[in-house]
Amino acid sequence: EPEVTQTPSHQVTQMGQEVILRCVPISNHLYFYWYRQILGQKVEFLVSFYNNEISEKSEIFDDQFSVERPDGSNFTLKIRSTKLEDSAMYFCASSDKTGRQPQHFGDGTRLSIL
Amino acid sequence: DAKTTQPNSMESNEEEPVHLPCNHSTISGTDYIHWYRQLPSQGPEYVIHGLTSNVNNRMASLAIAEDRKSSTLILHRATLRDAAVYYCILSPKIETSGSRLTFGEGTQLTVNP
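Quick mapping for you: the protein sequence lines, in order, are chains A and B. Number 114 marks the last residue of the first sequence (my numbering); no jumps. Number 113 marks the last residue of the second sequence (my numbering); no jumps.
Just so you know, not all the hints are guaranteed correct.
Each computed DSBU-like pair below joins lysine-lysine, with the alpha-carbon atoms no more than 35 Å apart [as the list claims (entries may be wrong)]:
| id | chain 1 | residue 1 | chain 2 | residue 2 |
| --- | --- | --- | --- | --- |
| 1 | A | Lys-57 | A | Lys-83 |
| 2 | A | Lys-57 | A | Lys-78 |
| 3 | B | Lys-69 | A | Lys-57 |
| 4 | A | Lys-42 | A | Lys-57 |
| 5 | B | Lys-69 | B | Lys-3 |
| 6 | B | Lys-3 | A | Lys-83 |
| 7 | B | Lys-3 | A | Lys-42 |
| 8 | A | Lys-78 | A | Lys-42 |
| 9 | A | Lys-57 | B | Lys-3 |
| 10 | A | Lys-42 | B | Lys-69 |
| 11 | A | Lys-83 | A | Lys-42 |
| 12 | A | Lys-78 | B | Lys-3 |
Honestly, the hints are just simulated from the structure, not real lab data.
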């Protein structure tokens with residue numbers, strides 16, 4: 001069964017550094033998402049992406065965050081200047097249509113900011 | 001977003017059926033009811049979804065009340081691998097833009113051997 005893959009599984013970064021989290025969505029999917037989950041808290045939506053542009057973003061997704069689909073297969077989340085509070089699990093998801101179709105999640109990247 | 005209410009936790013015995021309830025009294029006419037689960041140290045996993053009629057798939061069944069104000073996820077024979085947090089989520093039927101999933105606290109299901 002096709003799956004969403006995320007790399008790396010664990011990223012340790014110094015505060016203030018830039019970090020890029022990578023995702024390979026399911027190949028025929030059109031919609032892409034990032035979510036995060038701070039330890040012990042709920043899964044929170046960050047951003048959705050369709051047709052090479054952001055279609056929706058949450059209040060968490062401020063100017064420090066950006067997303068890109070640099071080629072036909074990868075989908076990346078960049079945090080420009082990381083803060084301690086960015087430490088979390090980051091999940092990528094994809095779906096082929098919205099609403100009626102499920103989102104398929106990767107197993108996440110654990111981001112630890114020192 | 002319309003809100004859902006689930007019990008914080010439930011327990012079941014292995015190989016017995018489990019009924020996980022969800023209340024969504026403010027559901028709108030075009031909201032789909034989605035269920036996801038999250039196993040320890042993994043990303044959320046889609047389980048099932050429906051609009052009005054009951055639905056079955058290889059993982060579970062979804063029973064939707066006639067007034068759509070509640071639903072029940074049914075695991076027919078629980079296994080130890082089904083121990084997870086189960087989320088009931090309403091997703092609006094938006095055709096042209098990405099539709100966020102709003103996760104609540106979910107129900108922590110414990111399966112006893």
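Hints, verified against the model:
| no. | hint | verdict |
| --- | --- | --- |
| 1 | A:Lys-57 <-> A:Lys-83 | holds (19 Å) |
| 2 | A:Lys-57 <-> A:Lys-78 | holds (14 Å) |
| 3 | B:Lys-69 <-> A:Lys-57 | holds (28 Å) |
| 4 | A:Lys-42 <-> A:Lys-57 | holds (17 Å) |
| 5 | B:Lys-69 <-> B:Lys-3 | holds (11 Å) |
| 6 | B:Lys-3 <-> A:Lys-83 | holds (31 Å) |
| 7 | B:Lys-3 <-> A:Lys-42 | holds (15 Å) |
| 8 | A:Lys-78 <-> A:Lys-42 | holds (21 Å) |
| 9 | A:Lys-57 <-> B:Lys-3 | holds (20 Å) |
| 10 | A:Lys-42 <-> B:Lys-69 | holds (23 Å) |
| 11 | A:Lys-83 <-> A:Lys-42 | holds (19 Å) |
| 12 | A:Lys-78 <-> B:Lys-3 | holds (31 Å) |
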